[in-house]
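Novice: Quick mapping for you: the protein sequence lines, in order, are chains C and F. Its first residue numbered 2, the first sequence is counted upward by one per residue in my numbering. Its first residue numbered 2, the second sequence is counted upward by one per residue in my numbering.
Treat the hints loosely; a few may be bogus.
Each pair may be met inside one copy or between any two copies, as identical chains are not told apart.
Claimed, not checked - Here are the computed lysine to any residue pairs in the SDA-like style, where the Cα-Cα straight-line distance is at most 25 Å:
#, residue 1, residue 2
1, Lys173, Ala154
2, Lys184, Glu215
3, Lys67, Tyr206
4, Lys67, Ala86
5, Lys20, Arg132
6, Lys184, Ala200
7, Lys173, Pro150
8, Lys173, Ala86
9, Lys173, Gly28
10, Lys184, Glu197
11, Lys133, Pro150
12, Lys133, Glu41
13, Lys224, Gly28
If you are wondering where the hints come from, they were derived from the structure by calculation, not from laboratory data. None of these values were measured; they are calculated from a predicted model.
Number of protein chains: 2
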Amino acid sequence: MPISSSSDSDVPVTINSEKALVVLSGGQDSTTCLFWAIREFGVDNVSALSFDYGQRHRIELDSAAKVAAFARVSHRCLPIDTFAALGGDALTDPAIEVAGDLDEPSALPNTFVPGRNLIFLTFAAAWAWPRKLDNLVTGVSQTDYSGYPDCRASTLQSLQETLRLGMESQIKIHAPLMHLSKKETVLLARQLGAIEAMAFTHTCYNGERPPCGECPACRLRAKGFAEAGIADPLVT
Amino acid sequence: MPISSSSDSDVPVTINSEKALVVLSGGQDSTTCLFWAIREFGVDNVSALSFDYGQRHRIELDSAAKVAAFARVSHRCLPIDTFAALGGDALTDPAIEVAGDLDEPSALPNTFVPGRNLIFLTFAAAWAWPRKLDNLVTGVSQTDYSGYPDCRASTLQSLQETLRLGMESQIKIHAPLMHLSKKETVLLARQLGAIEAMAFTHTCYNGERPPCGECPACRLRAKGFAEAGIADPLVT
Numbered sequence: 002m003p004i005s006s007s008s009d010s011d012v013p014v015t016i017n018s019e020k021a022l023v024v025l026s027g028g029q030d031s032t033t034c035l036f037w038a039i040r041e042f043g044v045d046n047v048s049a050l051s052f053d054y055g056q057r058h059r060i061e062l063d064s065a066a067k068v069a070a071f072a073r074v075s076h077r078c079l080p081i082d083t084f085a086a087l088g089g090d091a092l093t094d095p096a097i098e099v100a101g102d103l104d105e106p107s108a109l110p111n112t113f114v115p116g117r118n119l120i121f122l123t124f125a126a127a128w129a130w131p132r133k134l135d136n137l138v139t140g141v142s143q144t145d146y147s148g149y150p151d152c153r154a155s156t157l158q159s160l161q162e163t164l165r166l167g168m169e170s171q172i173k174i175h176a177p178l179m180h181l182s183k184k185e186t187v188l189l190a191r192q193l194g195a196i197e198a199m200a201f202t203h204t205c206y207n208g209e210r211p212p213c214g215e216c217p218a219c220r221l222r223a224k225g226f227a228e229a230g231i232a233d234p235l236v237t
Numbered sequence: 002m003p004i005s006s007s008s009d010s011d012v013p014v015t016i017n018s019e020k021a022l023v024v025l026s027g028g029q030d031s032t033t034c035l036f037w038a039i040r041e042f043g044v045d046n047v048s049a050l051s052f053d054y055g056q057r058h059r060i061e062l063d064s065a066a067k068v069a070a071f072a073r074v075s076h077r078c079l080p081i082d083t084f085a086a087l088g089g090d091a092l093t094d095p096a097i098e099v100a101g102d103l104d105e106p107s108a109l110p111n112t113f114v115p116g117r118n119l120i121f122l123t124f125a126a127a128w129a130w131p132r133k134l135d136n137l138v139t140g141v142s143q144t145d146y147s148g149y150p151d152c153r154a155s156t157l158q159s160l161q162e163t164l165r166l167g168m169e170s171q172i173k174i175h176a177p178l179m180h181l182s183k184k185e186t187v188l189l190a191r192q193l194g195a196i197e198a199m200a201f202t203h204t205c206y207n208g209e210r211p212p213c214g215e216c217p218a219c220r221l222r223a224k225g226f227a228e229a230g231i232a233d234p235l236v237t
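Next comes chain C alone, as it looks inside the complex:
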């Protein structure tokens, strides 16, 4: 990390301490990452950023705000109105029914936006740049249900290089859950003291709170907690 000192100069010493920005969706994974960042960088050096991009369940943004407040880190939410226009007719023309499930990656609904994670991280890097936050933390994983190519390690590695070139920065993208299973993510959350915060997170595809327990997201979450032998405070 860039720490410059000038002992024999009148120029004030500039210290770019290691600071991190966590992309916080309000879900289980990004919440775990927030606590990972707090351990790695210290709570005073961590902030969180969410995106209001017209997600189906607004409760996700409420969850993100609650998680950030619980963790005592600053939190901002930026709007992105482009996805709705990009997603095309199904999202912008009320006469067309949305096909598929926005949150179900096994199918590509007619609102699917390729490269959405690239956009999130590029906007996060743009937010981080003037604030000298040299570390971006994202909860994406290529292990579990997230088959999106923009969540893979190779893509993030390439994106990091693109951001460094395009912003003349030394930004680093961290994806601590990249190669973990859901069980391992829950175990990591316990190790980080993040289990209590899970009470504020949102996972349910159906947008229900308490969660429906029946949708694929609820079942995947339940399976991870069960395999880790840990009670999920959201449902207990």
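Given chain C, work out where chain F should sit, using these hints.
Specialist: Using the frame of chain C, we list chain F on its own:
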């Protein structure tokens, strides 16, 4: 380009013909690129995309629409409301005066958004993806006044790789003006039959039409036309 054929199958033959999407700002450079794309890919294979991102001069979007209509290519405009929020206080808090000049790259105003071109091209790639437009065309140049690191060839090369990985595509980014001077760009425009279209473009930093002729953008444009020995239809 991917052209697949299956001679002994019931599956219909799929031909992904070479199609191009031009990021059209309404300025001189992207207009030249539009005509370059028409020459390279054929007018029926070219479409144009603009972004309404809160640019200072709305006349740019009018120019883009007029240029596209003149060139007889389809044209869409997508909103991006994030830059205003990213640009931070100066753009979102009316109590703070905008410092510097948004269009003057020699200084970084407090509304400067790093990586803006990365966002434009990533959204363009996301728009192109379901439409099987495998070629993105951008008018950026690292020769002239555009000192932005996200306009350099090395950055675009890295971004192309990131987009290919992140969208599992074979997308190609073309920047035909990358290494041209303004004079050379004007000469290319003449070669492409694009001079007449320049009457619809917008360049003036002050948002004036007819252009003020005094701002740095107007002077740079005039210098290019003068050195090429060609009359600019916008001012003649």
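Novice: Given identical chains, is Lys173 near Ala86, meaning Cα to Cα at most 25 Å, within a copy, between copies, both, or neither?
Specialist: The answer is between: 23 Å across copies meets 25 Å, while 30 Å in one copy does not.
Novice: Indicate which option fits the pair Lys184, Ala200 if close means a Cα-Cα distance not exceeding 25 Å: within, between, both or neither.
Specialist: within (17 Å within a copy, 62 Å between copies)
Novice: Indicate which option fits the pair Lys173, Gly28 if close means a Cα-Cα distance not exceeding 25 Å: within, between, both or neither.
Specialist: within (22 Å within a copy, 35 Å between copies)
Novice: Given a CA cutoff of 25 Å, do Lys133 and Glu41 count as a within-copy pair, a between-copy pair, both, or neither?
Specialist: Cα proximity of Lys133 and Glu41: one copy only (17 Å, versus 42 Å across).
Novice: Classify it for me, Lys184 with Glu197: is the Cα-Cα distance of at most 25 Å met within a copy, between copies, both or neither?
Specialist: within (16 Å within a copy, 64 Å between copies)
Novice: Please sort Lys67 with Tyr206 into within, between, both or neither, judging by C-alpha distance up to 25 Å.
Specialist: within (19 Å within a copy, 44 Å between copies)
Novice: Please sort Lys184 with Glu215 into within, between, both or neither, judging by C-alpha distance up to 25 Å.
Specialist: Within one copy only: 19 Å inside, 65 Å across.
Novice: Please sort Lys67 with Ala86 into within, between, both or neither, judging by C-alpha distance up to 25 Å.
Specialist: between (29 Å within a copy, 22 Å between copies)
Novice: At 25 Å max between alpha carbons, let me know whether Lys173 reaches Ala154 within a copy, between copies, both or neither.
Specialist: both (13 Å within a copy, 22 Å between copies)
Novice: Check Lys133 against Pro150 for me: Cα-Cα at most 25 Å, and say if that holds within a copy, between copies, both or neither.
Specialist: between (28 Å within a copy, 17 Å between copies)
Novice: 25 Å Cα cut-off: does Lys224 pair with Gly28 within a copy, between copies, both or neither?
Specialist: So Lys224 and Gly28 pass the 25 Å test inside one copy only (16 Å; across, 55 Å).
Novice: Indicate which option fits the pair Lys20, Arg132 if close means a Cα-Cα distance not exceeding 25 Å: within, between, both or neither.
Specialist: within (9 Å within a copy, 40 Å between copies)
This entry satisfies every hint, going by the numbered hints stated previously.
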